[in-house]
Amino acid sequence: MDRFDVVVVGAGHAGAEAAAIAARLGRRVACVTFRREHVGRLSCNPAVGGLAKGHLVREIDALGGGMARVADATCIQFRRLNTRKGLAVQSSRAQVDIDLYPERMRATLEALPGLTLIEGEVTEIRTRSGRVSGVVLADGTALEAEAVVLTTGTFLGGVLHRGEEREDGGRVGDRAAHRLSDALRDLGLRRMRLKTGTVPRVDGRTIDWSRVPAQEDTVPDGRFSFGPPGPRLPQITCHATWTNPAVHDEIRASLHLSPLFTGAIVGRGPRYCPSIEDKVTRFADRDRHLLFLEPEGLSTDRVYVAGLSTSLPPAVQERMVRGIVGLERATILQHGYAVEYDAIDPTALDHGLGVRGLPGLFLAGQVNGTSGYEEAAAQGLVAGFSAALGETFHVERSDAYVGVLVDDLVSRGVDGEPYRMFTSRAEHRLLLREDNADRRLMPRARALGVIDDATWARFEAKLEAMERGRSALDAVRLLPGEVSDEALEAAGVGPVSRMVTGADLLRRPDATWAGLRGLVALPELSAEAAEQVEIDLKYEGYVRRAERRADEARRMEGVALPPDLDFDGLAGLSTEVRERLRARRPATLGQAARVPGVTAAAVGVLAAELARRARI
Amino acid sequence: MTSVVVAPATAPGRSALATVRLTGDGLSDVLDRVVRRLDGSPLRPGPPRRVLVSDEGGCFDDGVAWLRRGPGTLTGEDLCELSVHGNPLLVERLLSALVTAGARIAPPGEFTRRAVLAGRMDLVEAEAVDQVIRATGPEGLRVARAGMDGTLGHVLAELRALAIDALAELEARIDWPGDELLLKSDEAVRGALLESAERSRALASTFAAGRALVDGARVALVGVVNAGKSSLFNALLGRERALVHERPGTTRDVLEVRCRLGPLEVTLLDTAGERATDDPVEAMGQALAERLVGEADLLVVVLRAGRADPLSDRILERTAGRRRLVVLNGVDQAAPDPVAVGAIPVSAARGDGLPALRDAIVAELVGGAPSEGLFLASARQRDLLLAFAGHLEAAAQDWEAGPAVVADGVESAVAELDALTGADLREDVLDAIFARFCIGK
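So the protein sequences, as listed, match chains A and B. Here the first sequence is numbered in the working numbering, starting from 1270 and rising by one per residue. Here the second sequence is numbered in the working numbering, starting from 9 and rising by one per residue.
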């Protein structure tokens, strides 16, 4: 029998992060996966990041996770989204090479001392005197462990649908894990049925690229990681195309064959990532839908048709694809399909993603009802920290999207459709920017020993440069007439009618550090440091307001609800509220307020009870 | 567990009945020590019962008690209404017996506070309870009723919905850019923010009128000595209340009399006229007048027809920023003066122009901007509405900073509105509101 500190079941985006961070924290880690070449596999689109997800990737990096570095090393196109919507909501998105990304992630894991990759299927979770003691593999091998992190993705009770065809499996070509699903049920965890889908992949050699416009707004040197930059792969171009009324007719004529509409699929699909069947039905008045043609890598001809998620029968998919401009002669290499799978109700978990009432068992990733690589990786990191440290690794909502994600899952739960991150889920959005993820999180990760010296040195240099920049701005005094109006205009600051400081100038909407350096005495700063100084000044007012609110929220989070608090003994709570509070057992007043169905009045009752106890 | 509290529910004084109310957990334990049914059995929840009331000195009265189990009660807890004979001595003794038995005297507003905490009413309704009790006239009752029956709540919900709708549009711009969603135009969203702000400002502007309707208003007559203020005071009241004499400086004290003007209960103040004086009593009268005038809701500046004087000009100048009416008295004796254009001509002696003056006073106090037929009567509600509007206007102004910043402003605005309806219950808000309630309500 093999002994480990932490066993991670699954090596997708959640599993890889959980295993890696536990190993970085010095634990003996086993990571069990069906097949080792599937570590960090991109089962859906060949891209990392995107709106709100880019924030998660940067935070994962600042916390010592691997996703950002692997994405940077395998990036074949980098873009910044929402650049005209304000700094807080700008996100990065990278196309990555679908073959190189998993290879690189596996290499990262294999290079970590103390981490063992094991091929196999976990069929049983062992417990001893009320806590987890290890797992058993299908071949009978037993692995003993202090902590077990389950990251089983869509493999629990997975069923694939393509037209009227059904087969078992969590992903095309992979079998499902039914025994583990039953094992979790036996542990008393409530399961729910969810659905997700994927798009057809076509052969790029059969696309008429001359007929589809190229995507121009790329940032060739853009990166996720705060660490030292590595070499960049050759870059590719993505193209756009659209569906049309003829294609819509084709889809409508075949709706009776779609498992979504025949009732063969029970789980509800995500509203934010609808299948093309859904789009055509729900937005009936639109005569076209935008699609992106995303090459999956440098050494493959597969092209991902983003926006065309479907579970229609293969023959219909062929006709549909060939009705689209540029794809008239395209060959489908893999048809789209829908997956139904079991997820666990995440409200059974604590803020470290540990199962309440069963010490040592952690759940992370899609198994908790989320969608997306980034959401999975963020959870893997939190679960990995908690499992390795032996205590809840709690990230506050006001500190990171990671905190928003975990708190939403465990306090509010998942309601019928897979949970995806949006910036609107973060009430402290103006504080939680991609650009300051390092300032928000890296010091904590460094203190735990998971940030390497080179990365930390870059961070400290950036802070030092910002400080230098700010003092220089404060020292600058510019009088009217000192600089010509033309020069001021050219620097984007406009006329000066009274004495101003450098900070006053930089606060003006169109002023930049680089522009000001031509006018007044300012030191040269790295682009990142200069950007931070600009943002800090330009958004000072908004950020101050947001920080006040965050402080207020932190106070609510700081008010602990005593574990012995008897909700039934509190007058003024409705039966429904009592039941919900009993079921969720919130640890703080802030968490209680976020339990769905808990009214503000009920929070008042709790607050009053705490105040009463404090007086006694 | 909450403690048992008790408070008189009826006004002090002698009357047929006096009622006290008790609420809290463990109510029966308290009641059983003071109240028994006529057959000697303990009082249990059910219909109202005849009871005997006793303390250690023995049975001292009989009455009727109605005990109901929570959570279906006003406070969401067990609640008992207990009526005894209406003598303050008996009520005193009953309260003292109940306190000895374990109850505590309720702080002001405690019953309503518990009702809000139990989710039985929201804060707007709770404030309306207070207003219904305070209302000084039928119109005031109607204003208060609008807070209680949800009319006001409905308008607030609409304002909130406008803001939330705009928020949804902003979020869609951020999280689903260029997507399949049919977004409203930027102008429409910005317009909705400004519209919501404008409507809430309009509602906030009804506060002065609403408060006047609920609480009544104080109207002060001011002017130089011998302008005829006391004559006008008597004429408005319709009786000889103030001493009138042609000798200047007759009025030395401030006279206050309540009267009804249309829908309003008005407290009319007659003040000592202004002039330089060596008389210490007259000087004290003038100082008192100055203070009370400062607190009045409306000034009626009385000028003497045909007699322009620098002191009157100074009074007009000094009160220019106040809500005021200018009255030219004595038009039966002298022609109106060119200085006093726009003044209301009256003759206190003959009664000319008095109906017009009464109408002008009412119009000044409750006219103006009646928004959707609703009046606010709570300063807290007005302040929160103004803050709501302010955040929305700032958000609209920040449009160029991008939807995330705008949305942040709108969220701040909604938070203000939520403080209004109690969707966000902070303890200090509660304390501020409930401290204003009369005991037991």
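Because the hints were derived from the structure by calculation, they are not lab data. Incorrect hints may have been included.
[To be verified] Heads up, simulated DMTMM-like pairs for lysine to aspartate or glutamate below, C-alpha to C-alpha not over 25 Å straight-line:
#: 1; chain 1: A; residue 1: Lys1807; chain 2: B; residue 2: Glu419
#: 2; chain 1: B; residue 1: Lys192; chain 2: A; residue 2: Glu1696
#: 3; chain 1: B; residue 1: Lys192; chain 2: A; residue 2: Asp1556
#: 4; chain 1: A; residue 1: Lys1548; chain 2: B; residue 2: Asp173
#: 5; chain 1: B; residue 1: Lys192; chain 2: A; residue 2: Asp1547
#: 6; chain 1: A; residue 1: Lys1807; chain 2: B; residue 2: Glu147
#: 7; chain 1: B; residue 1: Lys192; chain 2: A; residue 2: Asp1743
#: 8; chain 1: A; residue 1: Lys1807; chain 2: A; residue 2: Glu1826
#: 9; chain 1: A; residue 1: Lys1548; chain 2: B; residue 2: Glu179
#: 10; chain 1: A; residue 1: Lys1807; chain 2: B; residue 2: Glu64
#: 11; chain 1: B; residue 1: Lys192; chain 2: B; residue 2: Glu408
#: 12; chain 1: A; residue 1: Lys1807; chain 2: B; residue 2: Asp426
Hint check results:
no.	hint	result
1	A:Lys1807 x B:Glu419	holds, 20 Å
2	B:Lys192 x A:Glu1696	holds, 23 Å
3	B:Lys192 x A:Asp1556	holds, 19 Å
4	A:Lys1548 x B:Asp173	holds, 23 Å
5	B:Lys192 x A:Asp1547	holds, 22 Å
6	A:Lys1807 x B:Glu147	violated, 51 Å
7	B:Lys192 x A:Asp1743	violated, 43 Å
8	A:Lys1807 x A:Glu1826	violated, 29 Å
9	A:Lys1548 x B:Glu179	holds, 20 Å
10	A:Lys1807 x B:Glu64	violated, 73 Å
11	B:Lys192 x B:Glu408	holds, 17 Å
12	A:Lys1807 x B:Asp426	violated, 30 Å
The structure fails hints 6, 7, 8, 10, 12 (numbered hints given earlier, in ascending order).
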